[in-house]
Amino acid sequence: MALLRVDKVTKRFGGLEALREVSFAVYQGQIKALIGPNGAGKTTLFNLVSGYLLPTSGRVYFSGRDVTGYPPHRMCGLGVGRTFQHSLIFEDMSVLDNVAVGRYSRTRAGLLAAFFALPVHRREERETIKAAEEALRRVGLEQRACDRAGTLPMGERHLLEIARALASEPQLLLLDEPAAGLNEAETACLAEVVRRLRADGVTVLVVEHDMTFVMDLSDEVVVLDYGRKIAEGPPFMIQENEEVIKAYLGEELEDETSVES
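Just so we're aligned, residue 1 is where the sequence shown starts under my numbering, counting upward by one.
Take these hints with a grain of salt, some might be off.
[What the hints assert, rightly or not] Calculated lysine-lysine pairs in the DSS-like style (CA-CA distance at most 30 Å, straight line):
| # | residue 1 | residue 2 |
| --- | --- | --- |
| 1 | K32 | K246 |
| 2 | K246 | K8 |
| 3 | K32 | K8 |
Derived from the structure by calculation, the hints contain no laboratory data.
Work out the full structure, taking the sequences as your base and the hints as a guide.
Next up, the structure:
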């Protein structure tokens with residue numbers, strides 16, 4: 001059974017059709033990539049899966065359950081974590097506190113318990129810090145726990161966001177352009193972290209424009225173009241697909257050729 005299944009999902013914004021009957025599945029233990037030109041509908045699809053948008057039609061299933069229309073906090077509680085295309089960190093907070101924020105979706109003590117520092121609140125605070133420290137260890141940032149988040153370079157900021165998502169103990173991790181703005185060394189480090197997470201049992205769905213990163217890392221790739229799925233399969237098949245080359249990969253090659261000439 002698929003961990004995530006997107007079934008004929010369509011999304012319209014007024015007269016604009018951002019997605020048209022897109023279907024695919026992500027299975028437990030996979031690293032699956034979602035690629036396509038700018039405006040292809042990738043982030044819209046992420047927002048539908050994570051509960052930030054409602055589909056116009058079609059259904060989303062997670063662990064066999066119909067979760068269409070579930071809000072983000074409920075999707076997080078079920079085991080769906082995500083990062084965002086633009087860095088969303090609290091720069092004046094410590095690295096550890098940034099990650100702890102991602103853990104609070106798992107806490108149950110209310111405002112009164114926190115105000116009166118009741119045992120249940122103190123216990124959850126200890127568990128939150130422990131989980132945040134473990135998430136930092138998993139992405140290799142444990143030595144930066146006490147540093148101010150705003151001092152981190154771009155590569156470590158991306159890892160911090162992943163750590164914050166991991167603090168909620170996701171089964172499925174959605175990564176929205178995690179390699180954007182990274183240099184070659186930072187991208188290689190990121191790829192190694194994602195592989196380790198998969199080895200630890202985390203399933204990954206990633207949106208990315210870096211084709212080297214995608215093709216080296218992914219088990220399968222889904223290609224969108226103008227809101228339609230035009231191809232799906234292992235990387236070597238995607239690289240040889242004529243429609244993909246024309247719609248996406250070919251555009252990159254043409255741009256590179258024009259620059260060189």
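Outcome of the hint check:
{"no.": "1", "hint": "K32 with K246", "result": "22 Å, holds"}
{"no.": "2", "hint": "K246 with K8", "result": "24 Å, holds"}
{"no.": "3", "hint": "K32 with K8", "result": "18 Å, holds"}
This entry satisfies every hint, going by the numbered hints stated previously.
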